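The numbers in the working numbering rise by one with no breaks, and the one at position 31 of the sequence shown is 20.
Hints in this document: simulated from the structure, not taken from any laboratory.
Among the hints, erroneous ones may be present.
Quick list of in silico lysine-lysine cross-link-like pairs, DSS-like style, CA-CA up to 27 Å [claimed, not checked]: (1) Lys140 - Lys355; (2) Lys363 - Lys150; (3) Lys402 - Lys288.
Predicted, not measured: the structure shown is a model, and the values here were computed from it.
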Amino acid sequence: MILVPNHLQRLSGNNYLIVICILIFLSACSKKVIPTKPAEKPVPVEIVTPKVEEPVKKNIDHSIVLLLPFQLNTLNLKTSRKSDLSRADLAIDFYQGFKLGLDSLSSGGHNYNLQVFDTRNQETQIVNLAMSGSVKNQDLIVGPIFPDGIKTFSEFSDLGKTLQISPLAASMPSEFNDPNLVSINNSIDQHGRKIAEFIISQYKPELVQVLLINTQRTEDARFSNYIKRSLFELSGSKFRVIERPNAIGIEGYLSTTKNNLVIVASSDRAFLLPAIDKLYKLKNQKYRIELFGHPNWIKARYLSPEKMQALNARISASYFVNYKAQNVKNFVARYRDEFGLEPSEYSFKGFDTAYYFGSLIEKYDKQYADYLVKEIYTGLHNEFRFVKDPKYGYRNTGLMLLRYQNFELQPVK
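Please model the complete structure; the sequences and the hints are all you need to start from.
Laid out in structure tokens, this is it:
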């Protein structure tokens, strides 16, 4: 059974783009929506579907709630254009991937009741959802996905032992102070620690020179501080770090006899491009340089693969899809067949979230939270390996290091 929000308005026959949006949202089911009058609190409407042959039911149904910012209430059915629909792209992509994840489990005889609600990205709506019995009395809550929404929902909800999943936010778990929160996406402190761990494991302190380019902007400074702190704590202060605000005159700090490990802690394009150009030129002179960068570089399509490979550039990443892997090929083919679209980053993340937690609930029923730290999952986009903090909840420690090889990013073995 799939349930959807009830505040969809009747569609005008001339507004085909809105029809397309709604059809994409519901295409995983191909079912008819029965409109009802809007209500103050979200009351889901059951979608009626014809009787078909179903897998043999192995266990009781498991109830899951998905809270996503479709923001369908902001659409004007008479004036909306294609550009107006783009705000729902993230929610639609995640939903469709999530639906395929549950479908994969259902094909094996598992059963799930999925309810989908539009948070509208509004505080009042999220408060109503948090206090609604149709939301909180479930086996699993996935969402909201933005930090402010997570904080609001946690403040007004009373979930008991039910877990709330934060599937996309890269915030520090300490920002939410919720022992029932499960943070899937890695926070910036974990990325800093990952780079420090790699340096300590691969290099001898006396044979390298570590240079950190830190602009001192808030985000860059946070990332830099986590790297320095981790290098100090994990190595017993064996690694000395030279810190500079930019790459101007950096050759004066490079060693001609040691391997220079240069960490650029920024993802600002205007700052990054000249810094990399400078390091690339120095690399072609008398300096041995290896580059480490910010996790946001994975989305920086403007970076030259040739220069990055020459600098042996490495970045930490919580998202990487190997399109040559058979399981990824299978998922992409299914997604195209089901929706007529290419899966996005959020489609992959939706699938892995549904498959992992759906499997846990099926195996352990109401006690699934007790096994979260024991069950390791290698997904399409990342590994799920959780640790528990009694105050801040569960956080995923699965994290990769990527390097440029054959002019594209590949996992470091």
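Each hint, compared with the structure:
no.	hint	result
1	Lys140 - Lys355	holds (25 Å)
2	Lys363 - Lys150	holds (18 Å)
3	Lys402 - Lys288	holds (21 Å)
Comparing the model with each earlier hint shows no violations; every hint is respected.
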